[in-house]
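Enquirer: Given only the sequences and the hints, what does the whole structure look like? Please build it.
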Amino acid sequence: MDAALARAWVQAIAAAIDEHTDQLTQLDSAIGDADHGANMRRGFSACLDALADTPLETPGDVLVRTGATLISSVGGAAGPLYGSAFRAIGRALAGPDAGAEQVLSALTEGLTAVKRLGAAVPGDKTIVDAYTPAVAAFEQELWEGGGLAAAAAHAAEAAEAGARATTTMQARKGRASYLGPRSVGHQDPGATSTALIFRALAEVTVR
Amino acid sequence: MDAALARAWVQAIAAAIDEHTDQLTQLDSAIGDADHGANMRRGFSACLDALADTPLETPGDVLVRTGATLISSVGGAAGPLYGSAFRAIGRALAGPDAGAEQVLSALTEGLTAVKRLGAAVPGDKTIVDAYTPAVAAFEQELWEGGGLAAAAAHAAEAAEAGARATTTMQARKGRASYLGPRSVGHQDPGATSTALIFRALAEVTVR
Amino acid sequence: MKKFLNSPDTVLADALAGLAAAHPDLSVDLDQRIITRAHGPHRAKVGLISGGGSGHEPLHGGFVGAGMLDAACPGEVFTSPVPDQILAATRAADRGAGVVHIVKNYTGDVMNFQMAAELAGDEGIAVRTVLVDDDVAVQDSTYTAGRRGTGATVFVEKIAGAHAEEGADLDGVAEIARRVNAASRSFAVALTACTTPASGRPGFDLPDDEIEVGVGIHGEPGRRREKLAGAKEIVATAMDAILSDQPLDPADRTIVMVNGLGGTPLLELYLVFGEVSAVLADKGITVARTLVGNYVTSLEMAGVSITVCRADEQMLALWDAPVRTPALRWGC
Amino acid sequence: MKKFLNSPDTVLADALAGLAAAHPDLSVDLDQRIITRAHGPHRAKVGLISGGGSGHEPLHGGFVGAGMLDAACPGEVFTSPVPDQILAATRAADRGAGVVHIVKNYTGDVMNFQMAAELAGDEGIAVRTVLVDDDVAVQDSTYTAGRRGTGATVFVEKIAGAHAEEGADLDGVAEIARRVNAASRSFAVALTACTTPASGRPGFDLPDDEIEVGVGIHGEPGRRREKLAGAKEIVATAMDAILSDQPLDPADRTIVMVNGLGGTPLLELYLVFGEVSAVLADKGITVARTLVGNYVTSLEMAGVSITVCRADEQMLALWDAPVRTPALRWGC
Ligand SMILES: Nc1ncnc2c1ncn2[C@@H]1O[C@H](COP(=O)(O)OP(=O)(O)O)[C@@H](O)[C@H]1O
Ligand SMILES: Nc1ncnc2c1ncn2[C@@H]1O[C@H](COP(=O)(O)OP(=O)(O)O)[C@@H](O)[C@H]1O
Ligand SMILES: [Mg+2]
Ligand SMILES: [Mg+2]
Ligand SMILES: [Mg+2]
Ligand SMILES: [Mg+2]
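Residue numbers (the working numbering), protein chains in the order written: chain U, 1 to 207; chain C, 1 to 207; chain P, 1 to 332; chain H, 1 to 332.
Read the hints as simulated data drawn from the structure, not as lab findings.
Honestly, I wouldn't trust all of these hints.
A partial selection of chain U residues facing chain H, derived with a Cβ cut-off under 8 angstroms [claimed, not checked]:
(1) 35
(2) 38
(3) 71
(4) 79
(5) 80
(6) 94
(7) 172
(8) 175
35 angstroms max Cα-Cα, derived DSBU-like pairs, lysine-lysine [what the hints assert, rightly or not]:
(9) P/283 <-> P/2
(10) P/227 <-> H/2
(11) H/2 <-> P/2
(12) H/283 <-> P/2
(13) H/232 <-> H/2
(14) P/227 <-> P/2
(15) P/283 <-> H/2
(16) H/2 <-> H/227
(17) P/227 <-> H/283
(18) P/283 <-> P/232
(19) P/232 <-> H/2
(20) H/227 <-> P/2
(21) H/283 <-> H/227
(22) P/283 <-> P/227
(23) H/232 <-> H/283
Keep in mind the model is a prediction, meaning the values are calculated, not measured.
A virtual CB, placed ideally from N, CA and C, is assigned to each residue, including glycine.
Expert: Structure, rendered in structure tokens:
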């Protein structure tokens with residue numbers, strides 16, 4: 001992954017979020033406060049602006065800047081969580097062009113950042129429930145000899161499955177936890193946006 | 001009309017209002033503030049209480065007390081208007097038993113009181129539009145040789161026709177006038193309650 | 001109908017009990033249904049009372065206190081009080097210097113207050129009646145009951161109250177009250193209807209993309225229906241109505257209220273105020289004092305009224321005078 | 001969606017412009033999105049800031065002023081502010097004596113304030129964070145994000161604000177803020193959902209004869225749904241939840257708030273307050289101070305929250321201390 005690919009990834013996320021803004025908001029409406037779509041759109045459109053006029057050399061620079069922009073524009077739970085994740089991913093991608101293995105460890109750093117900040121574990125009905133299986137699938141594919149594109153494709157599928165699997169969970173973190181058993185039966189908005197983020201990675205890596 | 005008949009009239013009005021409370025309120029909802037039914041019910045149920053424990057000798061005493069009770073319990077436009085009307089009717093029925101002619105002039109006094117206080121003329125879409133034809137029909141029937149019961153029956157019919165005729169009028173008095181042309185197409189609540197009052201008179205005079 | 005109540009018949013009684021419990025500075029007579037100051041005034045001053053239907057809270061009970069009203073008499077929801085009640089409030093407010101009745105111009109209010117004023121006169125209490133009729137949505141013509149009294153009531157009660165407090169005589173208090181009314185114009189727009197406890201149903205049905213323009217404060221439909229528009233356009237409509245009725249020029253200083261009708265979030269009221277102040281700034285008119293909030297409501301109606309008063313120096317000074325009521329308080 | 005707005009994307013910016021125009025006592029930085037006092041304080045004192053999503057007005061901007069907050073940082077509707085914004089508010093509030101962050105306990109608020117506190121620490125500003133978590137509808141367990149912060153925020157901001165004003169040091173202000181929070185419990189009930197500008201649709205569908213019990217202030221559904229009941233029963237449910245979590249005894253003195261969630265008429269809030277005060281009177285518990293009105297709202301949601309604080313002498317004295325903000329004002 002080079003700086004151009006990192007940029008392409010962020011642009012692809014922005015496009016996906018734009019397309020799914022309403023879906024994310026309606027998911028958040030059912031078990032939260034109906035702002036996740038607007039939050040993510042505001043954040044990634046700010047990222048596009050932030051990246052537009054700056055020459056950045058490494059994928060790390062691009063993604064650290066993406067994380068910082070998310071933190072300073074999103075707010076809510078998603079801002080710090082995704083912001084920290086992208087900053088951590090970026091920090092782990094210092095060179096001009098990272099290989100698939102390095103991308104794996106960067107993604108893992110991102111997950112660690114999310115878990116450290118939010119203290120969620122798998123099963124809590126959060127971002128972590130999409131992110132964890134995505135990283136595992138990414139790793140598995142590399143282990144089986146696949147390249148970046150194949151790993152990303154598997155990660156996207158796993159993230160989507162992970163997001164779907166949140167439907168039957170009872171939330172134990174974030175706003176949805178206030179609903180207790182009533183949170184069951186709805187897919188988690190954050191896990192859903194995580195799936196969009198991995199799908200975007202899969203898309204740009206095959207190009 | 002003696003005191004007993006006057007009492008019976010007030011009781012019959014109370015029963016009729018009770019039955020039509022919701023209708024009056026919904027009419028008032030369309031072109032006013034949705035309280036005419038509740039206002040009239042509160043007023044006439046207070047009249048029942050006020051009359052219950054008091055031996056009153058003349059129909060005038062009964063109806064003056066009815067008027068005073070309406071004034072002190074109804075509020076809104078209907079309270080002073082109907083209150084003044086019944087006080088005026090009562091004041092014109094001093095003796096123990098009034099003949100049909102005397103009832104006519106008492107009813108006329110009531111109408112005069114309404115018009116003096118409210119300054120409405122026929123066509124303004126108010127109580128006056130039911131009251132005026134009712135008194136005219138009452139007089140006509142007496143003139144044609146009818147008695148109290150027949151006169152009251154004709155008055156009731158005329159009041160009902162008068163109330164219905166308010167539907168096509170544009171209000172020029174009371175709250176409905178704020179609606180301008182939008183007041184057209186709805187029957188006036190006050191004219192409707194006036195028709196109930198005359199219908200009640202017709203009912204008790206035939207017994 | 002979804003409301004916090006025990007029974008439609010006891011709404012007013014129950015709410016007055018709560019008002020009494022909430023405000024030790026008020027004295028609430030639950031039998032006579034009048035609200036007076038719990039303390040003072042301990043000297044002769046002109047009494048100031050107002051009343052009208054309930055459902056407009058904090059009007060009028062929330063404006064009883066030092067610097068504003070001496071007593072309020074709330075009727076049933078959207079129903080003017082009865083003469084007995086108004087008379088009781090008049091007596092309570094009378095300290096020998098006479099009493100001013102501030103009456104919003106509605107047929108029922110006017111007639112009931114008039115009867116009470118006659119009764120008070122019979123008892124030797126001097127009464128002056130001041131009619132408030134500021135709503136430019138209604139033409140004052142022989143085809144209407146005259147303009148409605150709405151938002152300007154707050155301005156009249158505050159400014160006349162301060163004048164009474166500083167010792168003005170009966171005619172002086174009535175005179176400034178009339179001047180404030182004459183200098184004030186209001187216009188209101190509703191996004192939704194409201195439901196009275198007695199009716200149980202919304203006063204009108206409004207499609208999702210339409211608004212009622214030129215509404216009063218009794219849940220009635222407005223002068224006309226329009227398509228929902230942006231805040232800027234809606235404010236332009238309202239300000240046009242207000243400013244074409246009483247043109248202002250750059251030298252004028254104003255008191256401006258953006259008032260919620262009960263169901264509008266404060267966030268939106270501020271947004272509306274922003275548009276109002278932009279319109280006035282554009283014309284070079286000074287906004288000298290402001291009120292943004294729920295002051296004259298129509299139960300839970302989502303809507304907003306705008307009131308503009310062209311204020312002279314005396315009015316501004318009296319506006320700034322101390323006031324200590326549940327709903328307006330400053331300077332003490 | 002029916003709202004007074006120009007575009008869902010500009011709601012906050014437009015409302016802040018209106019807030020700035022409405023209150024000369026506030027200074028509103030439209031770029032940084034922070035609200036500070038326009039005048040003073042002119043001496044070193046502990047700074048007090050709070051913030052959170054918008055849509056809860058008058059919280060928090062309406063509580064900026066002498067005797068209460070030094071600055072507020074409003075996020076987008078129902079979205080906590082971002083660290084930059086909180087940092088800007090922290091800087092504006094800092095007069096060398098440190099700054100207390102009053103944070104309602106929501107995952108997003110907590111994380112953003114924590115990041116801002118770290119950044120402020122890097123700049124040498126001493127920050128103490130006080131979490132408000134008073135809502136007894138949520139269990140504080142590993143199965144939830146902990147109790148939500150709701151109505152008690154007003155009590156914390158008022159009392160800690162007064163303590164800061166009288167010169168208490170950073171730890172002293174944080175300590176009393178924590179004590180007020182620990183002594184306060186809230187519970188809320190909704191009759192209707194609310195609609196955020198970004199979503200355009202109500203947060204939930206509620207049949208005409210059902211209510212949401214145990215709601216928060218972000219338009220989310222509550223803990224459970226119940227049949228609509230009379231005010232007395234609804235209040236009994238809420239007071240049970242509050243008093244079984246923190247039993248009070250007759251010697252206790254309380255500050256009680258009956259707070260409208262935005263779309264409830266004041267008439268009904270008073271009615272609810274009457275029931276609350278009857279419950280407390282029944283148990284011999286003294287209501288020493290009261291607030292009835294819209295203080296912590298959830299856009300136009302029809303609903304009510306009840307907050308009870310067991311107040312000691314110091315808290316009551318600080319409650320009574322002068323405050324001069326748009327939404328709470330007395331003693332000056
Ligand atoms: N502690 C946490 N750890 C990981 N993810 C979380 C946590 N809390 C909340 N989330 C995620 O954040 C999402 C909500 O984000 P958003 O709606 O933008 O913020 P907010 O909840 O503040 O309104 C949830 O759907 C969930 O996936
Ligand atoms: N000036 C008037 N003269 C005669 N009748 C009037 C006048 N104004 C109003 N009314 C009658 O009063 C009725 C409304 O009564 P009600 O609803 O009880 O009082 P309010 O209008 O104060 O709510 C109207 O339907 C109309 O018939
Ligand atoms: Mg959310
Ligand atoms: Mg009516
Ligand atoms: Mg009425
Ligand atoms: Mg949020």
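Enquirer: Hint by hint, note whether the structure agrees.
Expert: Results of checking the hints against the structure:
Because the beta carbon of residue 35 of chain U sits about 5 angstroms from the nearest beta carbon in chain H, less than 8 angstroms, this interface hint is met. The interface hint given for residue 38 of chain U is met, as the beta carbon of that residue sits about 4 angstroms from the closest beta carbon of chain H, less than 8 angstroms. Given the 8 angstroms rule on beta carbons, the hint for residue 71 of chain U holds: about 6 angstroms separates it from the nearest Cβ of chain H. A cut of 8 angstroms between beta carbons decides the hint on residue 79 of chain U: the least distance to chain H is about 6 angstroms, and the hint holds.
With a least beta-carbon distance of about 4 angstroms to chain H, the hint placing residue 80 of chain U at the interface is held under the 8 angstroms criterion. For the restraint placing residue 94 of chain U at the interface with chain H, the shortest Cβ-Cβ distance is roughly 23 angstroms, beyond the 8 angstroms limit, so the hint is violated. About 5 angstroms separates the beta-carbon of residue 172 of chain U from the nearest beta-carbon of chain H, less than 8 angstroms, and the hint is met. The interface hint given for residue 175 of chain U is met, as the beta carbon of that residue sits about 6 angstroms from the closest beta carbon of chain H, less than 8 angstroms.
For the hint pairing residue 283 of chain P with residue 2 of chain P, the CA-to-CA distance comes to about 44 angstroms; that exceeds 35 angstroms, so the pair is violated. This hinted pair checks out: residue 227 of chain P and residue 2 of chain H have alpha carbons roughly 11 angstroms apart, not beyond 35 angstroms. With a C-alpha separation of about 20 angstroms, the suggested pair residue 2 of chain H and residue 2 of chain P falls inside the 35 angstroms cut-off, and the hint holds. Of the pairs offered as hints, the one joining residue 283 of chain H and residue 2 of chain P holds, with about 29 angstroms between alpha carbons and a cut-off of 35 angstroms not exceeded.
Taking the CA atoms of residue 232 of chain H and residue 2 of chain H, the gap is about 32 angstroms. The hint holds against a cut of 35 angstroms. Restraint check for residue 227 of chain P and residue 2 of chain P: the C-alpha separation of about 27 angstroms stays at or below 35 angstroms, so the hint holds. Restraint check for residue 283 of chain P and residue 2 of chain H: satisfied, since their Cα atoms lie roughly 29 angstroms apart, inside the 35 angstroms limit. Pair hint residue 2 of chain H plus residue 227 of chain H holds up; C-alpha atoms about 27 angstroms apart against a cutoff of 35 angstroms.
A distance of roughly 53 angstroms separates the Cα atoms of residue 227 of chain P and residue 283 of chain H; the hinted pair therefore is violated under the 35 angstroms criterion. At most 35 angstroms may separate the alpha-carbon atoms for a hinted pair to count; residue 283 of chain P and residue 232 of chain P meet this at roughly 16 angstroms. The hinted pair formed by residue 232 of chain P and residue 2 of chain H meets the criterion: a straight-line CA distance of about 14 angstroms does not exceed 35 angstroms. Between residue 227 of chain H and residue 2 of chain P the CA atoms are separated by roughly 11 angstroms; this keeps the pair inside 35 angstroms, and the hint holds.
Using a Cα cut-off of 35 angstroms, the hinted pair residue 283 of chain H and residue 227 of chain H holds, with the two alpha carbons roughly 27 angstroms apart. For a cut-off of 35 angstroms, the pair hint linking residue 283 of chain P to residue 227 of chain P stands: about 27 angstroms separates their Cα positions. For the proposed pair residue 232 of chain H and residue 283 of chain H, the alpha carbon gap of about 16 angstroms is at most 35 angstroms, so the pair holds.
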